[in-house]
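Asker: Let the hints inform the model, and build the full structure from the sequences given.
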Amino acid sequence: MNDQNNNVLEFKDVWKIYQMGDEKINALAGVNLNIRDGSFTSIMGPSGSGKSTLLHVGGILDMPTRGNLLLNGKDTSTLSGKEQATFRRNEIGFVFQRFNLMPQLSALENVLLPMIKPDLEKAKELLDKMGLEGKHNKRPSQLSGGEQQRVSIARALINNPSLILADEPTGELDTKNAEVIMGILQDLNKKEGVTIIIVTHNPLAAEFTDEIIEMRDGNII
Amino acid sequence: MGINSLSFKNLRRRKLRSILTMLGVVIGVTALVVLVGLTTGMTNYMKESTTNMMGDVMIMNSTGGGTIMTQSGSSFLSPEAVDEIKNMPQLYNIKQEVQFLTEFNGTSIYVIGTSDWSQVDINGSTGVVVSTTLADMGYNIGNKITIEGQEFTVTGTFSEGAMGVVVLDSDKALPMNDNKSTSLTANTRGDPEVIKDEVENTVEGITVSTKSDMSKQIDDMMSGLTLFIGGIASIALLVGVISIINIMLVNVTERTREIGVLKAIGFTSREVLGSILLEAALIGFIGGLIGLIVAAILLQLAIMIFSSQIGDIQLAQMLPVWLIAGVLGGATGLSVLAGLYPAWRASRLNVVEALRNE
Ligand SMILES: Nc1ncnc2c1ncn2[C@@H]1O[C@H](COP(=O)(O)OP(=O)(O)OP(=O)(O)O)[C@@H](O)[C@H]1O
Ligand SMILES: [Mg+2]
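Chains A and B, in that order, give the protein sequences. When we follow the numbering used here, the leftmost residue of the first sequence carries the number 1, and every step to the right adds one. When we follow the numbering used here, the leftmost residue of the second sequence carries the number 222, and every step to the right adds one.
Nothing false has been slipped in among the hints.
Have a look at the derived ranges for each label pair, beta carbon to beta carbon:
#1 B:Phe229 - A:Lys74: 28 to 38 Å
#2 A:Arg139 - B:Asn225: 15 to 25 Å
#3 B:Asn467 - A:Gly21: 26 to 36 Å
#4 A:Asn6 - B:Gly550: 49 to 59 Å
#5 B:Ile518 - A:Tyr18: 54 to 64 Å
#6 B:Tyr562 - A:Gly21: 22 to 32 Å
#7 A:Ser77 - B:Ile456: 50 to 60 Å
#8 A:Gly38 - B:Thr474: 40 to 50 Å
#9 B:Phe229 - A:Lys138: 18 to 28 Å
#10 B:Asn225 - A:Gly131: 27 to 37 Å
#11 A:Asn32 - B:Ile240: 52 to 62 Å
#12 B:Ile224 - A:Arg139: 12 to 22 Å
#13 B:Leu558 - A:Gly73: 39 to 49 Å
#14 B:Tyr562 - A:Asp210: 46 to 56 Å
Sample of chain A residues lacking proximity to chain B, with all beta carbon distances greater than 10 Å (derived):
#15 Phe40
#16 Met44
#17 Thr65
#18 Leu70
#19 Lys124
#20 Glu125
#21 Lys129
#22 Gly134
#23 Ser144
#24 Leu204
#25 Glu207
#26 Ile213
#27 Arg216
#28 Asn219
Keep in mind the hints are simulated off the structure, nothing from the lab. Please read these numbers as outputs of a predicted model, since none were measured by experiment. Even glycine gets a Cβ: it sits at the ideal position worked out from N, Cα and C.
Answerer: In structure tokens, the structure reads:
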């Protein structure tokens, strides 16, 4: 019981199977994995090994073909579409390789977007914390890659999620910016206890995390 | 920062595309409003001018068809009926009008006997007024014209289609038609609706129309025309709206990845659907509003250009509230309908696939 309470995320024999014509692709092949509250994990592995799929299922963007996913101890397989959306809004913050900011919105508006009741002060504070003072009203196209990724981290944090999921957050950044981003994530984890999972190909980025999980052919090795 | 303000911003993203899409709606709405506005203005103008002219009631022979449009030489009030009517104390200010066809130089012309010259837009003075067709034939002001064997001196002219028309005072024209009137107009002492019944019960073979009867007749006559013209112009609007389907599909496809992101950060499929519908609604509403403004300007221009022909008509008569509300509501509603399929497509997008979309 205690053990369960400590896990933000639990994969229980999770399969994700894609049918490609006659062929079946096991993107996830019976994954069992616990992510403890307050942990900082990186997932590594060759291309096509199922890292992104694991993250999508963990963030209930995707439903497993088989098996169960528990988020904060709650089985997610029975959630309605609306409940899934509410979970994603409140419990999970996504950070993407390509930042995925809304191009028509300013940095500040992008951060406010997931909030139901916009809290301008909080959004500004977060952006400042990300070192974006004076850039609140810039559009994504007016920001560097590193800056855009910091905006997207602020967006991921705005609803105080229990979990941050980042798919190759440094994939589009140079080493210097990659280190800045990883430093920010590390700070969030160490100082504020945010649980973070990142997928990365970059060993330098993985070094910032406390635990490295290797994947191959849809499973953890 | 709701998802709905995103719809406004999305409109501004591809300005040219949004403007061109709106243009379709603008053209449709303009065509619709100008055409329907003109017929509505005409209807109102006809109502006002007939009811202005007629006093409280208008009395005609009941076999004459009974509408103001069909009053012709075919059916007249007998002098006996007219006398009876004139003797009714409920009626006063009785005016006799007559209209009949007569032979003139081998063709037929209309003779109109009137006691209310204000209805004729005269160039010259009252008395013996001929249509420009006759004036061009040599019967201009100062010249002599012989009608039914009587010689008159033309005092004025007025423009009136190709038909030859001579307008005389009622008391000059009536004897030429054996003293038979086409219609009488009168004011009433008391409620016209009550007196209408009294007159109809007292005098046989006549029909009494009140102002509200007249308005209703004109409405009945014009509503079919309005509907027909409105229907034709609606096609233009429909074409504009259909292009919204196309553009919104392009927008949704283009924004596949963004829609994936919206869902990833916690928006429901329904909210995504709503935001696309809102965007379509905005195109329709703004396009409708611009179309209305353009139409109002065109109608005002028409009023200014044609004021000499159609007399005193106001923009408000051509743009009644129902037309404004109907067109705005219609353009918005149809646009929402047009947005349904693209919005449904957007809401159904698989998040993971949308995010993978390059
Ligand atoms: N929609 C899909 N249809 C069919 N196969 C899919 C689909 N999505 C993913 N796959 C397959 O599932 C497997 C795992 O994909 P995934 O994206 O999780 O890999 P990854 O480890 O993130 O790779 P990369 O490092 O290249 O991002 C791959 O073989 C991929 O081709
Ligand atoms: Mg991947």
